[in-house]
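Listed in order, the protein sequences are those of chains A and B. Under numbering that gives the first Met the number 0, residues 0 to 149 are what the first sequence spells out, in order. Under numbering that gives the first Met the number 0, residues 0 to 563 are what the second sequence spells out, in order.
Please note: incorrect hints may appear among the correct ones.
The following label-pair restraints were derived from C-beta to C-beta distances [what the hints assert, rightly or not]:
(1) A:T76 / B:E190: 35 to 41 Å
(2) A:A104 / B:M562: 57 to 63 Å
(3) B:E450 / A:A44: 51 to 57 Å
(4) B:W209 / A:T76: 26 to 32 Å
Hints in this document: simulated from the structure, not taken from any laboratory. Each residue gets a CB set at the ideal place from its N, CA and C atoms; glycine is no exception.
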Amino acid sequence: MNLERRKMLGSTLGVAVAGLLGGTSIAHAAPEDVAARIKELAGEAEVKSGAITLNSPEIAENGNSVPISVSVESPMTDDDYVESVVILAEGNPLPSVATFNFSPASGEAVASTRMRLAKTQNVVAIAKMSNGAVFSDTREVKVTIGGCGG
Amino acid sequence: MINRRDFLQFAAISAATTGFSAGLTKAAAQQSLTQDDLLTFDSKGTLTLLHITDIHAQLMPVYFRPPSENYGVGAFEGIPPHLVGEDFLSHFNLKRGSALAYAHTMVDYVDLARTYGRLGGLDRTATLVNAIRADRGDNNVLLLDGGDTWQGSYTALKTNAADMVECMALLKPDAMVGHWEFTLGSDRVMEIIDNMSYPFLASNIVDTEWEEPVFESTAFYERGGTRVAVIGQAMPYTPIANPRWMFPDWSFGIRAEIMQENVNKARADGADVVVLLSHNGFDVDQKLATVIDGIDVILTGHTHDAVPEALRIGNTLVMSSGSHGKYLGRIDLEVSNGKITDYASTLIPVFSDVIEPDKTMAAKIAEVRAPHEEELQRVIGKTEGLLYRRGNFNGTWDDLICQGMMQERDAELSFSPGFRWGSTNLPGQDITIDDLYNQTAMSYPSVYRLEFSGQRIKEILEDVCDNLFNPDPFFQQGGDMVRVGGMGYTCSPKQVMGSRISNMTLLSTGEPIDPMRNYVVAGWASVNEDVEGPAIYDLMETYIQSEDTINIPRNDAVKIAGMD
């Protein structure tokens, strides 16, 4: 979360896809759809936790623009680097939010973006490593209709 | 694990000499309790932390009835601060009818209120603070203000908090944090801070554009022969619980990872003691204490919980110093070789009748109230019963407000937010403008009149209920359940979101709420911009004047399930 401006600008350029809300008639993605998408990304590899950290607010201040950031531990050498990170939203009409592609020249696998969340849901980040290993991290983001705190 | 000796000592003094309240005259009770008793403390080490929080602009002593319901869920069920009444008394070994029983619970509340009188008053607090500073030495004491200081009274509203800013300047806190402060709008907040002689800290506020810190996160002090870092934390859900449009460029959140970084930085900068001055709420801070390494003391606020001593959670002490100026929290720390080796803590109830007011502060309070004194004293009605706000589901002040909104806006139902601020009126007391604004003084007071479907009403209730009863405290926003006029329902706090609210019934007909039908609803404190309608304090002034004598019937409209 505590990204410096320079890093954030750099990483934002890496956004390849930003599938946000379509028409309201589109049904929301189900967790199974996201699970199928993860399987497709991982292929034969086992999806493990660790290595990747997804940061998001616990409760969105504004569901139309939810800041998230992701970082993956990796030496980022020619032999061992992060190839890509995919962000998926289980409850959005189109679950694919963003794909960040990296190379050893990226230096570090850190990225951030903002996404629209239609409702309270899990957001999943998947990292694909150059050696074929796959890691994931999941965070629930709550989208409220209004608070009465005090 | 917890050293209760000091606290029991004080409890024994007040219990032994006052006994059960019945038959005691006010004079007898007050003779037995003295300013010196309140200041009696078996001090430790050389460093003292003083904590005052959630004053809600109460410069004068108040009656404030503690809640009869304060349910905890998950890991937090049945432990402090989720203890009320007899359970609270037995957990903390307090004698029924004692001064501390009155300060902390609603047991025998009205009788004891007449015996022990009002609590608080910033001039009384100043006396206690000055006495402790004199005793321990100025260079050994840190006074920390946990926020919600600049909102909650007629004079704070009319002066844009200038009254509180001037009075607090005399108390000389070493730092503060915020929540309702932000409802003055970002420009006014910055204007005040620019002229303040102590820092306004917030580790968890960043600008929405670049996510860079807006405020200082940490302040360092050399006190008690040791280096102390104080990290500040604003109410994490301010932009959700309050109108985001009033501070559109600031983003909040718990931001535990930034907190850990700031703790690590403080240690790297040589801090022997790291204090978190927090407006997270008690359960959020109970969890935070377990997920952040290296915080010695959390001074917590927001949820208005008054716990008689600091609780130890792992290696962290958590102190929660109540609200409305009723208490002054104190923790003494013995620090050797950069580590805390002993401590003692207490929450001092500010019994206003036995504490000599500090003259300088009393004069300043009189000065800031003087231009408004006639209006503050203006009587608009009288109450036959007890008027109070605190409670998870309702309180008689909000019952009155819900009645008023339905009547004055010709609505079938009404919503009043689950705020925890607002003083108490005893049976037979007049209701003044001062009293009314203690319940309603805020910067987005319009009373809307809208149609909601039965389905939408259920969604709103479920949403607010999850803010209160989500078993993960990081999803709790603080505050209580929205109060509903004209409708009954059953609440099952331990269920999941979407399944907590059932049996919604329109009280006027006894019929179930129809999910498909629209209902006319009046409510106040909407977080949306450009809400149309009269201000709640104007509407309620009209309503109370027309009723003249207020008598709130017993309210059993909300049933609780699954909490026995």
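We went through each hint and held it up to the structure:
| no. | hint | in the structure |
| --- | --- | --- |
| 1 | A:T76 / B:E190: 35 to 41 Å | 52 Å, violated |
| 2 | A:A104 / B:M562: 57 to 63 Å | 58 Å, holds |
| 3 | B:E450 / A:A44: 51 to 57 Å | 53 Å, holds |
| 4 | B:W209 / A:T76: 26 to 32 Å | 31 Å, holds |
Going through the hint list in order, the structure does not satisfy hint 1, though it satisfies all others.
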